[in-house]
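Asker: The primary structure of each chain is shown beneath.
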Amino acid sequence: MADGKKRRRAILQMGAGVARSARALDKVFLPIVAGAALFTMLAAMFHKQIQDLISPPKPTVEQPGPRADLTAYMVDKVPVTDPDSPMWDKIPFTRISLADQSVIKPLKLEVPEEPIKVKAAHDGEWIAFLLEWPDRTADTRAIKVAEFRDACAVMITSYPAPAEARYMGTQNTPATILHWKADWQIDIEEGFQDLEKAFPNVSADMYPLLKESITSGKPPKTIDIPGFARIRLAGTWVGNPISQPSKDAPVEKIIAKGPATITTLPTQDAVGWGRWRDGFWKVVLAKKMKASDPTAGEIDVVRGSIYSVAFTVWFGSEGDRGARKNPSMLHTLYIE
Amino acid sequence: MAKVYNWQIGREMDYWYEESRPRRQAAAVFDTNKCIACQTCTVACKTTWASGKGQEYMYWNNVETKPWGSYPMGWDVNILKKLGPQRWVFEGDRYVYKGKTIFEAASPSERVLGYLPNDLDYAYPNRGEDEANVILAEDKFYLRMPHDLWFFYLPRICNHCTYPACLASCPRLSIYKRKEDGIVLVDQARCRGYRECVQACPYKKVFYNHVTRISEKCVLCYPAVEKGIWPRCMRTCIGKIRMFGYLNTPDNADPENPLDFLVHVKKVGLPLLPQLGLEPNIYYIPPIHVGNINFLRMLFGPGADQAIQTYNKAIAGRDIELVAALLLNVSTDRIMTKFKVIGSSEVAGYDENGHEVVRIPLKEPAVVRPFYDEKLQVYRHNIT
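First to last, the protein sequences are chains A and B. Just so we're aligned, residue 0 is where the first sequence starts under numbering that gives the first Met the number 0, counting upward by one. Just so we're aligned, residue 0 is where the second sequence starts under numbering that gives the first Met the number 0, counting upward by one.
Derived from the structure by calculation, the hints contain no laboratory data. Since the structure is predicted, the reported quantities are computational estimates derived from the model, not experimental observations.
Which stretches of chain B does chain A cover? Using the computed rule of at least three CB atoms under 8 angstroms from a CB of chain A, they are:
id	segment
1	49-59
2	165-173
3	211-217
A virtual CB, placed ideally from N, CA and C, is assigned to each residue, including glycine.
Next comes chain A alone, as it looks inside the complex (with noise of 0.2 angstroms):
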């Protein structure tokens, strides 16, 4: 019994202390685990932030003489037609304040109240300008007489360039201009915006030489317009750029030596996305580094050299097109 007894109490005795030890290791090792889960979400929800500080993407190449107000930074493969692209995440943008337009009449003399934000990249083969600025209501249709697009604009020019050269180039000093048209990206998203997307309830009895083609009293599809019936469409008959209903991208390479000269190179392989989000417009607009019309004056972008960009955008819902935009100042680019 009195065995038994003292078994209990060295049993207990016993307990009692690895309960002693145990409160002493919580002590120390609970807040280490709080605060590691403390840390390890903090990290989570900041990693972006972290991550650029750690490693911000450098310049492979010293930049010569002052700082460019803007780098396009090397990286693996530009996301060429991805506005969302994650890798955008990792270049820092640069705010370019938008002017009026008041040298060529007709001026536009409002400005935005914001600078867009833009960022450029490049990988060897493509560089890259991702623009994003506000704009309450995105305008993706030009059918009506008063329906004015959204769009925006990049121009390269070398470096150093003439003052004037800001107005779409100069006789010597050909501006390169990529220019993204928010009704073509719908062109290209949801197929041809035909007529009878701004009035749906059109009809028709015949046009010439399509008679035949329509039987339900609605006009043919105009992407169906069979090739010689198109002499009745001048604009796409004569091959404006304006005027073709199927596109391959929503951006125009051109060409411009001075207001009132823009002409739309004869190879167009510049590419970009635009995407309007919650009042934002974000385009990604893109050029092979080498011209591929180097006759026509492209201009050829090089590693480690600075050139000459400006940037303008045209806000649909404000009757903006042609001379009617707010363009920015000329600013200096290098690439990296």
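Please build the complex by placing chain B on the supplied structure of chain A, with the hints as guidance.
Answerer: Below, chain B without anything else, positioned relative to chain A:
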């Protein structure tokens, strides 16, 4: 802006470019007294040039009823309202316009005073058709000249202006006026659809194509004109209201040229809204029956009174030469650069090579047949 001379307003005015008149200017005179709004011109043009997809709403040629009709809706009222007061003063031997033209009235940020119509403005091409100026009251109505109750038809095409607002407004230089004949064209390969021209043209005769997304306008059937043939809208005119040809400036007017004769010598052909300052090249003989001369002065300038008097004199048989010139309307589809009254019974028209292309009697010959046809033993309903 450059200073240019506009003879229609009797003074120099501001224009975006230096004065650059074509070697010769294609022009036409439309006699509103003869227009019946049959719309044959409209259909001729529509089927020839504007029947493609995207052009459904377009009428490069339209005929509207004045005072209430307009296509696009309110084109004339809108621009006149924007322009503000317009005043003409008789100075020396001519009227001088003292108000502002649409180039002079433009805001500092614009080239031209204008506005952009919306798609609904184009939706009622026949609005106001055959509607008189006022509603016929229940009082007794006496028909007298000019009429208290009136309307008239106004056929309209592009005016191929000497100072085109569309050309001035295009920052892209896509619009040009041909040196050889003054025809104003939109380069379909160059236009990028900014619609500055649609906004600037006060006559609203440049149109935006919904499908090609660029602008288009009347080409004055230049392929025909280059071959010495009248434009389609003119040569299909069944009312024979139109005379097509080339017009000189008043200083170089040739009295044997039917256009110069009607516009500069007899001054019966008047420009449409000359106060806008474009020096339009489609001229109108004002309607003689309209009771409100102020309306005609507003539409055709201060020459309206004189033109009506001269026209009245001609139709009363007291101006054979003017009758002769008017009879040449749509008498041939060859462009005439000279006309001549032969004896006092015929009029002949000549092309630029001096070849006679038409000869017509001043009085239409009529044969009167007996009321009763003895051979068939029937009475005739129509004996002439």
